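Novice: Sequence:
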Amino acid sequence: MFRCSSRLLRYRATYTAPASGFTGSAGPRGVRASSPATVFSATAAGTFGFGAGGLGVMTAPLPTRMIQTAACLIIGDEVLNGKVVDENGGFFAKYCFALGMDLKRVEVIPDDEQDIIEATRRMSDKYDFVVTSGGIGPTHDDITYDSIAKAFNVSLELHDETAKRMQQLWVSKRNEPTFDWTTPSPRLSAKLRMATLPTGPKCHIHYPCTDLWVPISIVNDNVHILPGIPLLFRQMLEGYEAVLRPRIEDARRDIFRVMISTPQPESQMAEYLTALQARVGGRGVKVGSYPRWGKPRNTVTLVGRDREFIEGLVGEVAAQLEGVRVVGEADADSESEGDEKLGV
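If you're matching positions, the sequence shown starts at 1 in my numbering and goes up one per residue.
I should point out that these hints are in silico values taken from the structure, not numbers from a laboratory.
Values in this document were obtained by computation on a predicted structure and should not be read as measured data.
All residues carry an ideal CB built from backbone N, CA and C; glycine is no exception.
Some clues are possibly wrong.
Listed next, the in silico BS3-like pairs over lysine-lysine satisfying Cα-Cα at most 25 Å (straight line) [stated by the list, open to error]: (1) LYS295 / LYS104; (2) LYS94 / LYS83; (3) LYS126 / LYS104.
Okay, the calculated beta carbon distance ranges per label pair [stated by the list, open to error]: (4) LEU169 / ALA275: 26 to 32 Å; (5) VAL108 / VAL303: 22 to 28 Å; (6) GLY288 / LYS126: 22 to 28 Å; (7) ARG292 / ASP254: 37 to 43 Å.
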């Protein structure tokens with residue numbers, strides 16, 4: 001197993017932090033945040049070596065709070081200015097649906113410290129399971145860790161285990177020279193910035209994937225900080241599922257959805273659907289109507305946790321709407337070929 005050396009690896013890390021950054025002092029446990037400043041400078045000592053057991057998924061104590069509601073905070077100027085189309089919010093919606101969590105909110109905000117502080121505090125107070133996406137890279141505009149640490153009044157520390165994993169699992173790009181982990185440099189400082197994590201009461205670190213060095217940093221027991229790269233976001237949430245499932249209050253009653261394809265326009269079925277919703281709402285069922293503009297059929301959905309009750313409604317709804325139950329929205333389109341395209 002690779003080891004940097006048998007002695008302590010010492011480095012001097014200096015970089016320009018965001019305008020509301022921090023100054024740090026350090027010791028063997030790593031970098032600790034203190035008062036706001038524009039430049040972060042720290043001397044730290046730690047051993048970058050690995051035991052015979054290698055790297056695995058961390059099994060340190062994690063939050064035990066039961067989960068019913070969820071929210072997702074997308075952080076990134078690039079999403080708001082149209083440079084990037086967000087994929088993570090959509091994936092998270094499907095993830096919550098599959099696990100039986102009620103997703104209550106998906107919000108997009110800029111890389112702005114005050115916006116991040118306000119949004120994470122509000123979501124943490126209101127929802128059981130909160131994930132953030134984006135802003136944890138090595139550059140000046142990656143301020144998510146810093147901002148969330150401030151939001152919940154905890155420090156930032158260089159996390160030794162994450163730094164170790166980074167060094168072992170880092171894969172150089174094709175044209176990137178072999179990286180020197182032992183010599184102080186701006187690049188080393190930038191890399192270690194990604195391992196400087198919120199630390200304090202109600203903070204946790206979990207590695208959901210054995211082949212990734214990036215952790216899920218958990219703050220205030222329910223704010224889970226994830227990368228914005230869609231592949232990593234998905235992979236890490238999928239790896240976290242086994243940990244999450246036992247905490248989901250309705251895990252034994254997954255959310256169930258039935259789709260009914262109908263040739264009726266929305267205006268024709270509106271009265272019936274309104275009465276239906278009033279009748280079944282008390283049983284936790286939501287009735288949805290989704291026009292498929294330019295297509296021969298529209299879609300009506302029944303969503304809830306009482307599968308037997310919903311199954312009992314299918315025959316009635318299909319008959320009232322002259323429809324048919326489908327798995328995919330377009331499954332019954334061929335039955336209406338030649339029909340006039342539907343409006344509302």
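Novice: All hints, please: hold or fail.
Specialist: Do the hints match the structure? See the list:
no., hint, in the structure
1, LYS295 / LYS104, "violated (30 Å)"
2, LYS94 / LYS83, "holds (24 Å)"
3, LYS126 / LYS104, "holds (10 Å)"
4, LEU169 / ALA275: 26 to 32 Å, "violated (58 Å)"
5, VAL108 / VAL303: 22 to 28 Å, "holds (24 Å)"
6, GLY288 / LYS126: 22 to 28 Å, "holds (24 Å)"
7, ARG292 / ASP254: 37 to 43 Å, "violated (26 Å)"
Violated hints, in rising order: 1, 4, 7; the structure is consistent with all others.
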